[in-house]
Amino acid sequence: MGFTSAWITPMLRTLDLRETLPSSLPESSLAAITNLKITLNTFGDVANLFPIFSKLEQVEEFHLDVSGLETRYDTRQLERLQDGVFEAARTVTLRFDEDAGSIQLWQAILFKLYYPNATSLTVEATRGVT
Numbered sequence: 001m002g003f004t005s006a007w008i009t010p011m012l013r014t015l016d017l018r019e020t021l022p023s024s025l026p027e028s029s030l031a032a033i034t035n036l037k038i039t040l041n042t043f044g045d046v047a048n049l050f051p052i053f054s055k056l057e058q059v060e061e062f063h064l065d066v067s068g069l070e071t072r073y074d075t076r077q078l079e080r081l082q083d084g085v086f087e088a089a090r091t092v093t094l095r096f097d098e099d100a101g102s103i104q105l106w107q108a109i110l111f112k113l114y115y116p117n118a119t120s121l122t123v124e125a126t127r128g129v130t
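Under this note's numbering, the first residue of the sequence shown is numbered 1, with each subsequent residue one higher.
Source of the hints: derived by calculation from the structure; they are not laboratory data. Warning: the hint list may mix true and false statements.
[Claimed, not checked] Here are the simulated lysine-lysine pairs, BS3-like style, with alpha carbons at most 30 Å apart:
1. 112 x 55
2. 37 x 112
3. 55 x 37
[What the hints assert, rightly or not] Simulated DEER-style distance windows between Cβ atoms:
4. 107 x 11: 30 to 40 Å
5. 28 x 127: 35 to 45 Å
6. 17 x 82: 14 to 24 Å
7. 78 x 11: 19 to 29 Å
C-beta: ideal position from N, C-alpha, C; glycine also.
Let the hints inform the model, and build the full structure from the sequences given.
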């Protein structure tokens, strides 16, 4: 997974991350995002996102796809996951592969994410298809 360069994007509303994370995104950019789509296959990358989640105050649509998540992970990272609260999220889509042998990882991620104002929640369990 590579890191993209730092951006200054105060008007950014949609952020679609596929196997990459910005190395630096100013809080002003994070605070303006309303649509966030994330597709990651490495648990370390997923764990690195959790501290950023608290800065995403305006996210109304949140999509997390870990259907290709590899099964190797460091249990210390799993234990250190911070809660991710998306107060403004109304539409949430979560996608994982139930046959990938990573159900414990998926549960750990799921149990740390909160959407208290969601009006639409989709959970997609794939089987060997990413």
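message: Would the hint linking residue 37 and residue 112 be met if the CA-CA limit is 30 Å?
response: holds (17 Å)
- prompt: residue 17 and residue 82, beta-carbon distance inside 14 to 24 Å?
  reply: holds (18 Å)
field: Consistency of beta-carbon spacing, residue 11 to residue 78, with hint 19 to 29 Å
entry: For residue 11 against residue 78, whose Cβ atoms are near 36 Å apart, the range 19 to 29 Å is violated.
field: Supplied distance hint 35 to 45 Å, evaluated on CB atoms of residue 28 and residue 127
entry: Holds - the Cβ-Cβ distance for residue 28 and residue 127, about 41 Å, lies within 35 to 45 Å.
task: Starting from the range 30 to 40 Å, see whether the pair residue 107 and residue 11 falls in it by beta-carbon distance.
output: holds (37 Å)
- prompt: Are the Cα atoms of residue 55 and residue 37 separated by 30 Å or less?
  reply: Distance of about 15 Å is within 30 Å: holds.
query: Within a Cα-Cα threshold of 30 Å, do residue 112 and residue 55 meet the stated pairing?
result: Holds, at about 16 Å.
Figure legend: structure checked against the earlier numbered hints; the only hint not met is number 7.
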